[in-house]
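Undergrad: Each chain, written out:
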Amino acid sequence: MATASAVIQQEVIRPQASLWSDAWRRLRRNRLALVGTIYLSFLVVVAIISVFWTPYRWEEVGVAVPYSGPSHANLLGADNLGRDILSRLMAGAQVSLIVGIGTQIVVLAVGVPIGLAAGYFRGWLDSVVSLLISIFYGIPDLLVALILVFLLGPSLTNIILAIALTRWMDMARLVRGQTLALREREFVEAGRAAGAKPAKILFGHILPNALGPIIVQATFGIPSAILFEAFLSFLGLGVPPPRPSWGSMAADGIAAYQIAPHFVLAPAIALSLTLMAFNFLGDGLRDALDPRLKR
Amino acid sequence: MTVPILQVRDLRTQFLTDGGIVTAVDGISFDLNPGETLGIVGESGSGKSITALSILRLVPDPGKIVGGEVLFRNEDLLQIADDDIREIRGRDIAMIFQDPQSSLNPVLTTGYQIDEAMLAHGKSKREAHQRTLELLKKVRIPAAESRIKDFPHQLSGGMRQRAMIAMGLSNAPQILIADEPTTALDVTVQAQILELLADLNRELGTAIIMITHNMGVVAGLCSRVIVMYAGQIVEQGPVDQIFEDPQHPYTWSLLKSIPRVDAVRHERLRSIEGIAPDLLRPPTGCRFHPRCPFRIEKCYTDEPTLKEVAPNDMAACWVTMDRARKDMNADELVDIRPGAGSHYRRGELV
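These protein sequence lines are chains A and B, in that order.
Quick note on the numbering used here: the first sequence kicks off at 1 and runs consecutively.
Quick note on the numbering used here: the second sequence kicks off at 1001 and runs consecutively.
A portion of the hints provided could be inaccurate.
[Claimed, not checked] So the derived list for chain B, only partly shown, Cβ under 8 Å to chain A, looks like this:
#1 G1090
#2 L1108
#3 E1116
#4 A1120
#5 M1167
#6 V1239
In case anyone wonders, no lab produced these hints; they're calculated from the structure.
For glycine and all other residues, C-beta sits at the position ideal for the given N, C-alpha and C.
Given only the sequences and the hints, what does the whole structure look like? Please build it.
TA: Put into C-alpha cells, the structure is as follows:
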C-alpha cells in the first residue's frame, strides 16, 4: 500500500519531460549503451588527437624492427615495414569514423527526402522509388562498390559514395514506411486544412515524428559502413596506402599472423570493439526512442 | 437579403472502392450567410464529414469530388489551382477536427503549432507569437503564457480542443468548419467548448459550420440546420422551427430518439430501427423508406426532392409530418418501427 502510493507519488511528481530528455533518461539507464557511448567518445577523442599527434608519425618506416612485438617504445609493436602500430591504429580510427559517419550523412541526405516524397505523394513516384529500391537490393553490395571504386578511383570520398550507394535503400524504405503511416494521422490532415505547404508538412510534421527510427537506423548503419570499408580496404580497394585503415592493416597483418599475431589482432580488436559499441548504442537508442517500450 | 459567403451547389463526392462506387455526398446544395451558425447533422456515414472535407478539397483517397460547385467570393473552390486553395485553407476557411488528441502534432509544442498556422499565411514570427498568446487567452486557456510551451500530451482534452480552436481562428477566417469538435470530450467540457464557439461567433462574426451527430449540439449553437441522410439533404431550415415542428420523418425520429430529462411519462426511449443504408446499393425511391414509419407506396419508387414544406423549411419527403399527423396522431405513435404508421392509410396518399 505504502509502496503503491509512493510509486504514484513518484509518477505524479516526475517532471513532465520532453520526448528527447525522456529518451536520454532511458538511454542512460542502459548499461551497455552507456559503455558503448563512453568507448565511442574515447574513440572520437583519439581520432581527433591523432590528427595532431601520434606517438610516431604513422607513415614513418623503420621506427622499430619489422614485426617486432609490443615494447615500451612501441606499445602495440611494429608492422611489416617497421611502422608503429599504435600510431597507425589511431590514424585508422579517423578513416573508420569518417567513413561511418560520412556514409550515414549521405544516406540520410538521399534516403530521407526520397522516402518522405515517395510515402507522402505515393502514385507513380512511389512506384518508381520502390522499383529502384528493389533493383538496388538485387545487386550485390560488393559489385556496386567495386565498380564504383574502379570507375572513380579509390579515395575516401569515393569510398563513402560507393558505400552510401549500397546502403541508402534501408533508410529510404524505413522513411517511406513511416511516412505512409504518419500521413494518415489527423495532425497531417489538420496541417493541410490549415494551408500548410507539402514541404512544411513533410519536414515540419512528418519528419520530426519519424526521427526516432531514423536515428536508430543511422546508428546501426555506421558500423555496417565501417565494416564494409574495412572489407574493401582488406581487399586493397579501400583508402589508398600509405594512409592506414583498420582493414588494410588487418590485410597486411594476416599474412604474418604466425610470426607476429599482434599485427593482425590490433586492428581486428579495434574494429570489433567499435562495431560492438555502435551496436550497443543502437540497441539502447532503439529501446529509448520506442514509446511502446516505455518503462 | 444577405449575400451568402459560401454557396455549395450540387456537390457530389464519390469513393471508388473495390466493391464499386460509393456516392458519399450526392448532390448537396446549401448557402452559408456571413456570421451564420449552420449545423449539419446526420448519422455516421451520412456524408456530413465528407461534405465538409469536400469544401476544402481535403477528401482522402480514394475519394473524388465528381461534380458541383463550391462558390466562395465568386470563385469555385473546386476549380482553382492547388496553390490557391492552399492559401484559402486556414486563412479564409479554417477547420477543426473531432479528436484534438490526434489533430495536434505530438512532438511540437502547442504554441509552435499555432504560430505555424499563421506563418503559413505570411505573418511574421513576432506577430504570430504575440497573437498566439492573445488567442490562447481568448479561448480561455488558463496560464496561457506557460501553456504555450507545453506539448499536446501535457494538456487536457478540453484544453487541446481550445488550442485547436485558437489555431483555427488564428488567421481570423470568415468560415470555421468544426467537424464534431465535441465528440471526444466529456459533457461538461462539451458545453464549455460550445459556449466558447458561440461567443467567438458573436464577437468575431466568424461563420461556423458545425458538423455533428448530436442534435443537442445543434440546438445549443446553431441558427440553421441541415439534416443529412445517406449522402443527401433530407431537411433544412431554422433550428427553432425544425426542432419545434420537423417535417421529415427522419428528423422527427432523430428528435424522438434524444433522451429527455424533462420527459413527463416513463416513456421508452425510441431509436430508429434498422441501419444506415449501404451506399454501394442505395435504396430505390426515398433513401429513408426502409426505416420510415410513415412510408407510402410512392416512397419505394420515386425519389423525393427538397421543396418548401413549411415557411423556410425545406424537406425531401412525399409524406411530411404535417400530413402524417393529419391522418393520424403521429406524435402519439409509440411504435416507430419501419412502416408502423403506414397501415393507417396505405395507398390513400399516393
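Undergrad: Please write out, lowest number first, the hints stated earlier that are contradicted by the structure.
TA: 6
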